[in-house]
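Model the full assembly from the supplied sequences, consistent with the hints where possible.
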Amino acid sequence: MGEMQELSTFWFVTIGAVKVVAVFTVVMGVVAYMTLAERRVSAFIQDRLGPNRVGPFGLLQPIADGIKNIIKEETMPGTAAKFYFVLGPALAIMPAVVTIAVIPFAAPLPTPVGTVDMVVADVPIGILYILALSSLAVYGIVLSGWASNNKYAFLGGLRASAQMISYEVALGLSVIAVLLLVGNVTLTETVWKQQQLGMWFVFPLSLAFIFFLISALAETNRLPFDMPEAESELITGYHTEYSAMKFSMFFIAEYAHVVTASALLATLFFGGWDIPFWTGDDMFRHESGWIRGFDEAGAPIPATPNVLITLLTLGAFCAKTGFFLLLYIWIRWTLPRFRYDQVMHLGWKVLLPGALGYIMLVAGTMLVLDQLEVPFGMLYGGVLTVVSGITTLAFLFFVDRDRVISGAHRKRNLARARARTAPKAGGPAATS
Amino acid sequence: MTDVLFILFAVVAVGGGVGVVTGRSPVASLLFMVATLASLAGIYVLFEAHFLAAIQVLVYAGAIMVLFLFVIMLLNLGHDYRADLKYGSWFLLSLVVVGLTAGVLVQGLMGTGETGLRAGGAEVAAAIDAAVVEKGAVGVIADPLFTDWVVAFELMGLLLLVAIVAAVVLAKPRERPEGK
Numbered sequence: 004m005g006e007m008q009e010l011s012t013f014w015f016v017t018i019g020a021v022k023v024v025a026v027f028t029v030v031m032g033v034v035a036y037m038t039l040a041e042r043r044v045s046a047f048i049q050d051r052l053g054p055n056r057v058g059p060f061g062l063l064q065p066i067a068d069g070i071k072n073i074i075k076e077e078t079m080p081g082t083a084a085k086f087y088f089v090l091g092p093a094l095a096i097m098p099a100v101v102t103i104a105v106i107p108f109a110a111p112l113p114t115p116v117g118t119v120d121m122v123v124a125d126v127p128i129g130i131l132y133i134l135a136l137s138s139l140a141v142y143g144i145v146l147s148g149w150a151s152n153n154k155y156a157f158l159g160g161l162r163a164s165a166q167m168i169s170y171e172v173a174l175g176l177s178v179i180a181v182l183l184l185v186g187n188v189t190l191t192e193t194v195w196k197q198q199q200l201g202m203w204f205v206f207p208l209s210l211a212f213i214f215f216l217i218s219a220l221a222e223t224n225r226l227p228f229d230m231p232e233a234e235s236e237l238i239t240g241y242h243t244e245y246s247a248m249k250f251s252m253f254f255i256a257e258y259a260h261v262v263t264a265s266a267l268l269a270t271l272f273f274g275g276w277d278i279p280f281w282t283g284d285d286m287f288r289h290e291s292g293w294i295r296g297f298d299e300a301g302a303p304i305p306a307t308p309n310v311l312i313t314l315l316t317l318g319a320f321c322a323k324t325g326f327f328l329l330l331y332i333w334i335r336w337t338l339p340r341f342r343y344d345q346v347m348h349l350g351w352k353v354l355l356p357g358a359l360g361y362i363m364l365v366a367g368t369m370l371v372l373d374q375l376e377v378p379f380g381m382l383y384g385g386v387l388t389v390v391s392g393i394t395t396l397a398f399l400f401f402v403d404r405d406r407v408i409s410g411a412h413r414k415r416n417l418a419r420a421r422a423r424t425a426p427k428a429g430g431p432a433a434t435s
Numbered sequence: 006m007t008d009v010l011f012i013l014f015a016v017v018a019v020g021g022g023v024g025v026v027t028g029r030s031p032v033a034s035l036l037f038m039v040a041t042l043a044s045l046a047g048i049y050v051l052f053e054a055h056f057l058a059a060i061q062v063l064v065y066a067g068a069i070m071v072l073f074l075f076v077i078m079l080l081n082l083g084h085d086y087r088a089d090l091k092y093g094s095w096f097l098l099s100l101v102v103v104g105l106t107a108g109v110l111v112q113g114l115m116g117t118g119e120t121g122l123r124a125g126g127a128e129v130a131a132a133i134d135a136a137v138v139e140k141g142a143v144g145v146i147a148d149p150l151f152t153d154w155v156v157a158f159e160l161m162g163l164l165l166l167v168a169i170v171a172a173v174v175l176a177k178p179r180e181r182p183e184g185k
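Chain order of the listed sequences is A and B.
Using our numbering, you'd call the opening residue of the first sequence number 4 and step up by one each time.
Using our numbering, you'd call the opening residue of the second sequence number 6 and step up by one each time.
Honestly, the hints are just simulated from the structure, not real lab data.
In this text the structure is predicted, and so the values were computed from the model without any measurement.
Warning: the hint list may mix true and false statements.
What the hints assert, rightly or not - Computed beta-carbon distance windows for the label pairs:
| no. | chain 1 | residue 1 | chain 2 | residue 2 | range |
| --- | --- | --- | --- | --- | --- |
| 1 | B | Ala136 | A | Phe13 | 28 to 36 Å |
| 2 | A | Ala20 | B | Val101 | 49 to 57 Å |
| 3 | B | Val111 | A | Met79 | 41 to 49 Å |
| 4 | A | Tyr36 | B | Val111 | 51 to 59 Å |
| 5 | A | Met79 | B | Val138 | 50 to 58 Å |
| 6 | A | Asn152 | B | Val101 | 35 to 43 Å |
| 7 | B | Ala172 | A | Leu417 | 38 to 46 Å |
| 8 | A | Phe400 | B | Val23 | 53 to 61 Å |
| 9 | B | Ala33 | A | Ser235 | 27 to 35 Å |
C-beta: ideal position from N, C-alpha, C; glycine also.
This is the structure we're talking about:
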């Protein structure tokens, strides 16, 4: 057994407070620079330069924006419901900044006073905590839309509530596949099981990853799902009437959601802080000590926490999360916006039944593998990878609806054939 | 510390409950209700019932109340409800119901026998703690639910399905007979 020195209450509280402050500071810093990254990357995608005047490469731009927002005048619409109008941004930002607390961001750190878990709060309900608190995020948006007493803001709020409820269902169901494979709901165990399986869950649960990615995009209200703030239809939706720092609050909340969603994607499907192709970083709190795995007889192999490993795993976690942050920006500036009925259609008629069916498939496959007494490892993951891979391809083929795979000429021929047989049926050939 | 937090959550929960029935606009009532539900979740956490707390927030505060809010806003309900209140015999009836409920609660809290809420006490708490260590926070609830109570669980699911079908049938526009 690896030595495990428990923290005394004093150090537990002190280090806990340090972790809270550190993680909050880092998230706020990332949020600030996400705004810059968004503008620079969008500029790159659109062949522009983006903000590059304040500081080298425009690096001081977020600070300038922050100062500007603080010293600007706060407007208060005369007919707004004042209490709710002020409450809205506060309610929006609260869930966004607390959800990151349960995500483990590195291997345990050894200190002179004991081993410190690199997670703010390793609560026993793990992912459920994130789902529960992020389900409260909608109040801020809906209330500010309603309190503004502005038709566009109100429509934005209504859209947000319908959209977020719809996609919460798909989000929760896509997580269930992960929970089945982990056998628990804590995120530390999710990382550990991926290390034990010898592969990240994105392979054995590829369809769940796609569902989760789509639902997370919808939950964070970003393009292609930014119906609540669609500029071309609703001015800017629920925050039309807001100005200065209250307006910034919504942006901070949105980007903090994106950071949490990216960290969650990295943790659930890309091994969290795990470094690929290396078992030296595998570490888990098992009964009374840190272990690296189990030998063939089932006895635990001890592991020793190491500062170097902590730093390396922290780097791996940041790299994975950073990739998803970039992906979010990339998607936003690449895809057009959905129509509102398409958003609802995708959520309720595609993702919901798809995720339910996929849970049955994963559970069935796992039942068969367990009955055959396949050990939890590469073979187990491999079988699931094949099953999921086939399902994912089938799903992608279904949602593609002849658009990319069969190409434009087939679509044109189909349309021509239809026009010949039934002159009334106009429009594109392959809409469901 | 635990006591202080408990009193805080309890006061917010009861205050929120009072706020729900005295709030002037439906939105205010709804937010009071959310505060009550969230404080109850906080109390569950103090009892180390983490799973219950998460589900409370996720299902009630995060989904059902959002739907309520959606409906209130969609129908633009905001008028004063006082005119709709029924007084007279209804008022007396509600007093009787509240009194009876309070009586049952007091009996449960004060009772020490088999029926009392405190029956078992420390032993039950120890047994639950052991079960949490063995099965995890979710397993403690999931295990009995899907073994001992699976029939009741499935029947509940069926009941909800029937309710949904009924709601759809009620909401569907009536098909009018030809010629009308």
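How the hints compare with the structure:
About 31 Å separates the C-beta atoms of alanine 136 of chain B and phenylalanine 13 of chain A, a value consistent with the hinted range of 28 to 36 Å. Here the CB-CB span from alanine 20 of chain A to valine 101 of chain B is close to 52 Å, well matched to the stated 49 to 57 Å. In this structure the hint that valine 111 of chain B and methionine 79 of chain A lie 41 to 49 Å apart at CB holds, the actual value being about 48 Å. Look at tyrosine 36 of chain A against valine 111 of chain B: about 58 Å separates their beta carbons, and that is inside 51 to 59 Å.
As the Cβ distance of methionine 79 of chain A to valine 138 of chain B is approximately 53 Å, the hint placing it in 50 to 58 Å holds. Our hint of 35 to 43 Å for asparagine 152 of chain A and valine 101 of chain B holds, since their Cβ atoms are close to 42 Å apart. Look at alanine 172 of chain B against leucine 417 of chain A: about 39 Å separates their beta carbons, and that is inside 38 to 46 Å. Evaluation of the 53 to 61 Å hint for phenylalanine 400 of chain A and valine 23 of chain B yields a pass: the beta carbon distance comes to about 57 Å.
Distance hint check for alanine 33 of chain B and serine 235 of chain A: the Cβ-Cβ separation is about 34 Å, which falls inside the suggested range of 27 to 35 Å.
The structure is consistent with each of the numbered hints, conforming to all of them.
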